[in-house]
Amino acid sequence: MRKHHVSTIINGEPTEFLCEPQLTLLDVLRDELNLTGSKEGCSSGDCGACSVTVDGRLVCSCLMLAVEAEGHEIETIEGMARGHDLHPLQRKFLEHAALQCGFCTPGLLVAAKALLDRNPSPTETEARYWLAGNLCRCTGYDKVIRAVLDAAAELRAE
Amino acid sequence: MLDYTAPSTVEEAVRILAGAPGTAKVLSGGTDLLVQLRSGRAKPGLIVDIKKIPGISGIRERDGGFVIGASTPGAVLGECEALRQAWPGVVEAANLIGSTQVQGRASLAGNLCNASPAADSVPALIAARATCVVAGPSGRREVAVESIATGPGRTSLSPGEFILEFHLPKRPPRSADAYLRFIPRTEMDIAVVGAAVSLTLDAGGVCADARVVLGAVAPTATLVPEAAAALVGRKLDETSLAGLDQAARRACKPIDDKRGTIEYRTKVAGVLARRTATIAYERAGSIDEKASRIDHH
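Chains as they are written, first to last, in the working numbering: chain A, 1 to 158; chain B, 159 to 455.
Treat each hint with caution, since some may be false.
Quick list of simulated restraints, FRET-style, between CB atoms [stated by the list, open to error]: (1) A/Glu-32 x B/Glu-239: 34 to 42 Å; (2) B/Glu-421 x A/Arg-156: 47 to 55 Å; (3) B/Thr-344 x A/Ile-9: 49 to 57 Å; (4) A/Gly-71 x B/Thr-436: 24 to 32 Å; (5) A/Pro-120 x B/Gly-391: 44 to 52 Å.
No wet-lab data here; the hints were simulated from the structure.
What you are looking at is a predicted structure, and each value in this text was computed from that prediction instead of being measured.
Built from N, CA and C at the ideal position, the CB exists for glycine as well.
Model the full structure from these sequences, guided by the hints.
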């Protein structure tokens with residue numbers, strides 16, 4: 001099978017890889033590039049655990065072929081903290097205990113960051129609709145929403 | 159054995175698609191195609207990604223109407239203020255498809271060509287009298303959106319053809335559209351029934367023109383001229399709404415499944431048509447009020 005050469009920028013770093021055409025961006029992130037923070041939940045775009053941004057827009061990396069990443073900028077959960085300094089969203093998720101098993105957490109964080117980048121002061125309703133494509137099967141959504149709104153407030157104050 | 163190519167011109171895309179009849183699949187946002195690839199429902203030999211074609215994604219105003227590139231993601235439609243003002247029903251329908259993540263990729267052309275009877279954007283596009291430009295081996299043709307889907311998963315497109323863009327016409331004054339769907343939850347589901355209504359009112363609030371389209375109650379989205387006829391020539395009142403309700407129910411040929419029985423879908427179609435018409439009517443009237451307020455000052 002012919003492999004395609006793909007040039008992208010991932011978390012600010014120019015990154016090149018070879019991939020077979022049927023591989024998803026999620027497959028390549030996890031299995032080729034060892035960026036295993038993005039999770040494979042459903043592989044059908046329903047659960048949001050594989051959320052990344054492409055040119056700033058939130059997408060499911062399981063619903064995108066890796067070859068489609070050519071020429072685009074990808075941000076994953078690995079790009080969120082600055083060294084040992086957690087992003088305010090990450091800190092607030094810990095403070096509010098907005099996770100238990102943690103499988104949905106990278107996707108929720110990436111999705112929540114995409115929300116706050118666009119809308120620094122979302123209402124609770126806006127946050128809930130924005131995150132409706134990120135499923136959590138253990139913690140429940142109240143703590144997640146509280147953490148997101150608290151992080152938004154802290155980011156606005158800065 | 160699957161291969162992938164991303165042509166950068168319409169002509170190249172047509173040539174590649176026509177040269178691989180039956181085995182090539184057009185890739186736009188991929189939110190349906192990738193799921194079908196994974197499940198094995200689609201087994202193409204070649205994926206033709208059309209997103210590298212200039213102009214295939216984006217919205218531009220032309221002759222008072224809009225040209226929407228085939229691959230424009232739903233999120234981009236929702237961010238276009240001018241489009242939301244002119245065609246609120248088309249935008250709200252497109253924005254109901256899937257999650258925020260799906261909105262980042264899913265396109266009108268994909269929603270149309272996937273040819274699900276429950277596609278949310280399709281009834282709204284048909285109500286809007288939207289057309290699409292189809293590119294193919296014999297050139298380009300502009301056709302009504304309702305001529306594309308012919309049944310669940312089937313379209314009228316010939317080998318080598320794909321949709322390039324959609325055209326939404328210029329709106330007369332006091333016009334508005336709306337789309338509602340019924341789902342058993344509040345978000346992230348597939349329509350049990352969808353209803354789209356587009357109206358134009360005269361200066362006295364009498365309905366001068368109407369289009370009513372139902373989704374998910376027949377093999378394809380269904381234009382219901384009898385339902386529109388019940389609205390035209392009157393203000394929106396109990397008589398016209400009752401006529402609309404009855405005509406909508408008569409047009410239903412739904413399936414019977416766990417998400418809704420025939421009886422249930424039929425009843426909901428009437429109710430939803432009423433509610434959608436009421437929203438479109440209020441929007442068309444409030445556009446008039448806004449315009450006249452500006453005139454008076």
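For each hint, the structure was consulted:
1. A/Glu-32 x B/Glu-239: 34 to 42 Å: Between A/Glu-32 and B/Glu-239, where Cβ atoms are some 41 Å apart, the hint holds.
2. B/Glu-421 x A/Arg-156: 47 to 55 Å: The hinted range 47 to 55 Å holds for B/Glu-421 and A/Arg-156, with Cβ atoms some 51 Å apart.
3. B/Thr-344 x A/Ile-9: 49 to 57 Å: violated, 37 Å
4. A/Gly-71 x B/Thr-436: 24 to 32 Å: Distance hint for A/Gly-71, B/Thr-436 is violated at roughly 47 Å.
5. A/Pro-120 x B/Gly-391: 44 to 52 Å: Between A/Pro-120 and B/Gly-391, where Cβ atoms are some 49 Å apart, the hint holds.
In terms of the numbered hints stated before, the structure departs from hints 3 and 4, listed from lowest to highest.
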